[in-house]
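Novice: Sequence:
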Amino acid sequence: MKALAVIVGTFVLEDLTTVLTALAAQQNKISILLAIISLWIGIMIGDILLYTLGMAGTKREKLHRFLKLSEVNRGQKWFSQNIIKIVIISRFVPGLRLPFYTACGFFRTPFKPFIQIVALSTFIWTIFLFFISFKAGGWILEHAEKWRWIGICGFFLGLYLLKKLMNRLRVL
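My numbering runs 788 ahead of the 1-based position in the sequence shown.
It should be emphasised that the hints constitute simulated quantities derived from the structure, not laboratory data. Be a bit skeptical, because a hint or two may be false.
Label pairs and their computed distance ranges (CB to CB) [claimed, not checked]:
1. Gly883 to Leu821: 23 to 33 angstroms
2. Lys817 to Phe899: 35 to 45 angstroms
3. Val800 to Ile825: 15 to 25 angstroms
Cβ atoms here follow ideal geometry from the backbone N, Cα and C, with glycine treated the same way.
The task is simple: from the sequences and hints, build the whole structure.
Specialist: Here it is in structure tokens:
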């Protein structure tokens, strides 16, 4: 059940799930091995789904009206030639996975090299973030009580601002 919770958590916010899972491991609520394996599986599933979403986009007739075949061919060539850079940058720069991994699927970047690079970079990033969070966990937990109410207020303020932004985008 713990593994499933971690896997599902990565679909929402993978970095936050990694940090929280490391804190849980530090408190012996989940084993380190189960935590890392669950994180890796969840992130991999999410990345494959992003690629698949991009592939599904190629079947949308509306998109074909906006793209010329020469542009699609150029995109396929560029993504195939730069797959290592794309995946590494996307893994380590927050916010880039969704557009880049989806574009990899859309432009039919070869799946085997894509998934191999994703698997390795995911393993490295997850281990790195997990163990930094694990080591810093004691300090975080010790000081979390002092900042709890600020964090709660910030969370609700963020939700409010997100709702306002979504309403504004619907108007445009």
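Novice: Now look at each hint and say whether the structure bears it out.
Specialist: Each hint tested on the structure:
| no. | hint | result |
| --- | --- | --- |
| 1 | Gly883 to Leu821: 23 to 33 angstroms | holds, 30 angstroms |
| 2 | Lys817 to Phe899: 35 to 45 angstroms | holds, 36 angstroms |
| 3 | Val800 to Ile825: 15 to 25 angstroms | holds, 19 angstroms |
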